[in-house]
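Number of protein chains: 2
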Amino acid sequence: MRKRKRQEKIARIYLAAAEIVCRKGHDATTLLEIGQAVGLTKAGLYHYFQAKNELLYGMLSYAMDLVQREVLDPLAAIPSLDDKLRALTWNYARLIMRNGQHFTRLLDQTNILPAAQARRINRRRRAFYETVRGLMAEAQRTGHIPPHINVSVAALSFFGVLTFTATWYRQAGPLTSEQLAAEITQLVVERMLLASPPSGPHPPR
Amino acid sequence: MRKRKRQEKIARIYLAAAEIVCRKGHDATTLLEIGQAVGLTKAGLYHYFQAKNELLYGMLSYAMDLVQREVLDPLAAIPSLDDKLRALTWNYARLIMRNGQHFTRLLDQTNILPAAQARRINRRRRAFYETVRGLMAEAQRTGHIPPHINVSVAALSFFGVLTFTATWYRQAGPLTSEQLAAEITQLVVERMLLASPPSGPHPPR
Numbered sequence: 001m002r003k004r005k006r007q008e009k010i011a012r013i014y015l016a017a018a019e020i021v022c023r024k025g026h027d028a029t030t031l032l033e034i035g036q037a038v039g040l041t042k043a044g045l046y047h048y049f050q051a052k053n054e055l056l057y058g059m060l061s062y063a064m065d066l067v068q069r070e071v072l073d074p075l076a077a078i079p080s081l082d083d084k085l086r087a088l089t090w091n092y093a094r095l096i097m098r099n100g101q102h103f104t105r106l107l108d109q110t111n112i113l114p115a116a117q118a119r120r121i122n123r124r125r126r127a128f129y130e131t132v133r134g135l136m137a138e139a140q141r142t143g144h145i146p147p148h149i150n151v152s153v154a155a156l157s158f159f160g161v162l163t164f165t166a167t168w169y170r171q172a173g174p175l176t177s178e179q180l181a182a183e184i185t186q187l188v189v190e191r192m193l194l195a196s197p198p199s200g201p202h203p204p205r
Numbered sequence: 001m002r003k004r005k006r007q008e009k010i011a012r013i014y015l016a017a018a019e020i021v022c023r024k025g026h027d028a029t030t031l032l033e034i035g036q037a038v039g040l041t042k043a044g045l046y047h048y049f050q051a052k053n054e055l056l057y058g059m060l061s062y063a064m065d066l067v068q069r070e071v072l073d074p075l076a077a078i079p080s081l082d083d084k085l086r087a088l089t090w091n092y093a094r095l096i097m098r099n100g101q102h103f104t105r106l107l108d109q110t111n112i113l114p115a116a117q118a119r120r121i122n123r124r125r126r127a128f129y130e131t132v133r134g135l136m137a138e139a140q141r142t143g144h145i146p147p148h149i150n151v152s153v154a155a156l157s158f159f160g161v162l163t164f165t166a167t168w169y170r171q172a173g174p175l176t177s178e179q180l181a182a183e184i185t186q187l188v189v190e191r192m193l194l195a196s197p198p199s200g201p202h203p204p205r
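Respectively, the protein sequence lines represent chains A and B. 1 is the number of the first residue of the first sequence in this note's numbering; add one for each residue after it. 1 is the number of the first residue of the second sequence in this note's numbering; add one for each residue after it.
Quick caveat, the hints were computed from the structure, so don't treat them as lab data. Hints should not be assumed to be uniformly reliable.
To be verified - Cross-link-like lysine to aspartate or glutamate pairs, in silico, EDC-like; alpha carbons within 16 Å at most:
{"id": "1", "chain 1": "A", "residue 1": "LYS52", "chain 2": "A", "residue 2": "ASP27"}
{"id": "2", "chain 1": "A", "residue 1": "LYS52", "chain 2": "A", "residue 2": "GLU19"}
{"id": "3", "chain 1": "B", "residue 1": "LYS24", "chain 2": "A", "residue 2": "ASP27"}
{"id": "4", "chain 1": "B", "residue 1": "LYS24", "chain 2": "A", "residue 2": "ASP108"}
{"id": "5", "chain 1": "A", "residue 1": "LYS24", "chain 2": "B", "residue 2": "GLU190"}
{"id": "6", "chain 1": "B", "residue 1": "LYS42", "chain 2": "B", "residue 2": "GLU54"}
{"id": "7", "chain 1": "B", "residue 1": "LYS52", "chain 2": "B", "residue 2": "GLU70"}
{"id": "8", "chain 1": "A", "residue 1": "LYS24", "chain 2": "B", "residue 2": "ASP108"}
{"id": "9", "chain 1": "B", "residue 1": "LYS84", "chain 2": "B", "residue 2": "GLU19"}
{"id": "10", "chain 1": "B", "residue 1": "LYS52", "chain 2": "B", "residue 2": "ASP27"}
{"id": "11", "chain 1": "B", "residue 1": "LYS84", "chain 2": "B", "residue 2": "GLU70"}
{"id": "12", "chain 1": "A", "residue 1": "LYS42", "chain 2": "A", "residue 2": "GLU54"}
Said to hold, decoys possible - Quick list of the computed label-pair ranges, beta carbon to beta carbon:
{"id": "13", "chain 1": "A", "residue 1": "ASN53", "chain 2": "B", "residue 2": "LEU175", "range": "53 to 63 Å"}
{"id": "14", "chain 1": "B", "residue 1": "ARG119", "chain 2": "A", "residue 2": "LYS24", "range": "17 to 27 Å"}
{"id": "15", "chain 1": "B", "residue 1": "GLY44", "chain 2": "A", "residue 2": "ARG6", "range": "51 to 61 Å"}
{"id": "16", "chain 1": "B", "residue 1": "ARG98", "chain 2": "A", "residue 2": "GLU8", "range": "40 to 50 Å"}
{"id": "17", "chain 1": "B", "residue 1": "ALA28", "chain 2": "A", "residue 2": "GLU8", "range": "34 to 44 Å"}
{"id": "18", "chain 1": "B", "residue 1": "ILE112", "chain 2": "A", "residue 2": "GLU33", "range": "15 to 25 Å"}
Just so we're clear, the structure is a prediction, and the values are computed from it rather than from any experiment. By construction, the Cβ of each residue, glycine as well, lies at the ideal position given by its N, Cα and C atoms.
I would like the entire structure built from these sequences, with the hints used as guidance.
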């Protein structure tokens, strides 16, 4: 119970830190400010983190933990490849829009970390890409994705669409995050990837 | 003639500056380094730019000039909307891969500029987005893009795929920039946007 409480507190610190570092930049952000944002003194924050780098590394590791838990792990229970691609896209879009906007933008600046830490995060990002690419390659071998598509470019395009949402999604926008996740899944999976033409009537040409 | 030479020199300075600022970050980059990269002393560089902000603003303005000249202007001569969408995507992909990788990544950090300069650049980026979105909306009204697609999300997805190429394209990679531009046009225009199913045989489901 105490461990769970500590983990929840740390997750709140990561979320606050990601927002501040995104807004002000890594160099201009102090531990003091991050502490203030979550109602902790600098000494209180030191109870969890001894240095800014430790907090930043923890934050990006936590971001990759969320990807594993909310995007990748659920795929194991889904039998069909089409549905795996749909769930992958939907869950990743939802994760980014729910609380991953700042994490996503910071992951693109992984090199603000010391080299050894950056390597560990980049290895996990690479593994995420390889999982997505592998899923698409399998879907292509089994005829769900047309043979003439380059699955590496398709996987990179998937990441392009998804990670870019972190820069433009606004909670106050005209569409809910569920509606946007549905639009993105439609564009990326039903249209861009899957072989059959999208269902529903086509307009005359 | 002398004016043309000066402009070419300035374009070379912008290109070198974009590479260095991307690699080292804005704050860590000095005018001296940028000068050295193009064979100019600090005094020589001062002949063109008096301050780092001036150079950065010039660089991002030049990046938007390239978009106007190489991506948007050619569309006027193309009668069909399908072909306009193809040319837009192809030319933008080629521009990014030819010499726009660093410019593209820096445009995402436009807020490193002083506020008034950032506003001017962001206004031009917004106009680019509106042009792309307007083209897609027109293609939808005329039946080239299916009615159920949200063209705002489609336009943002277009920018997601295209600008993300700036982070992963390598000149030494297995595909030439022409091949990659063709793959991306295929994924984004033929499959994601246009109403008719892509040409060519479909694999059995």
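Each hint, compared with the structure:
1. LYS52(A) <-> ASP27(A): With Cα atoms ~10 Å apart, LYS52(A) and ASP27(A) stay inside 16 Å; holds.
2. LYS52(A) <-> GLU19(A): holds, 14 Å
3. LYS24(B) <-> ASP27(A): holds, 13 Å
4. LYS24(B) <-> ASP108(A): holds, 15 Å
5. LYS24(A) <-> GLU190(B): violated, 40 Å
6. LYS42(B) <-> GLU54(B): holds, 15 Å
7. LYS52(B) <-> GLU70(B): violated, 27 Å
8. LYS24(A) <-> ASP108(B): holds, 15 Å
9. LYS84(B) <-> GLU19(B): With a Cα-Cα distance of about 31 Å, the restraint between LYS84(B) and GLU19(B) is violated, given a limit of 16 Å.
10. LYS52(B) <-> ASP27(B): Distance ~10 Å between LYS52(B) and ASP27(B) Cα, so the pair holds.
11. LYS84(B) <-> GLU70(B): Cα-Cα ~13 Å, so holds.
12. LYS42(A) <-> GLU54(A): The given pair, whose Cα atoms are some 15 Å apart, holds under the 16 Å limit.
13. ASN53(A) <-> LEU175(B): 53 to 63 Å: For ASN53(A) and LEU175(B) the Cβ distance comes to about 37 Å; the hint is violated.
14. ARG119(B) <-> LYS24(A): 17 to 27 Å: Roughly 19 Å apart at Cβ, these two residues keep to the hinted range, so it holds.
15. GLY44(B) <-> ARG6(A): 51 to 61 Å: 58 Å Cβ-Cβ, so the 51 to 61 Å window holds.
16. ARG98(B) <-> GLU8(A): 40 to 50 Å: 49 Å Cβ-Cβ, so the 40 to 50 Å window holds.
17. ALA28(B) <-> GLU8(A): 34 to 44 Å: Once the Cβ atoms are compared, 37 Å apart, the range 34 to 44 Å for GLU8(A) and ALA28(B) holds.
18. ILE112(B) <-> GLU33(A): 15 to 25 Å: Check passed, 20 Å falls within 15 to 25 Å.
The structure fails to meet hints 5, 7, 9 and 13 from the earlier list, while all remaining hints are met.
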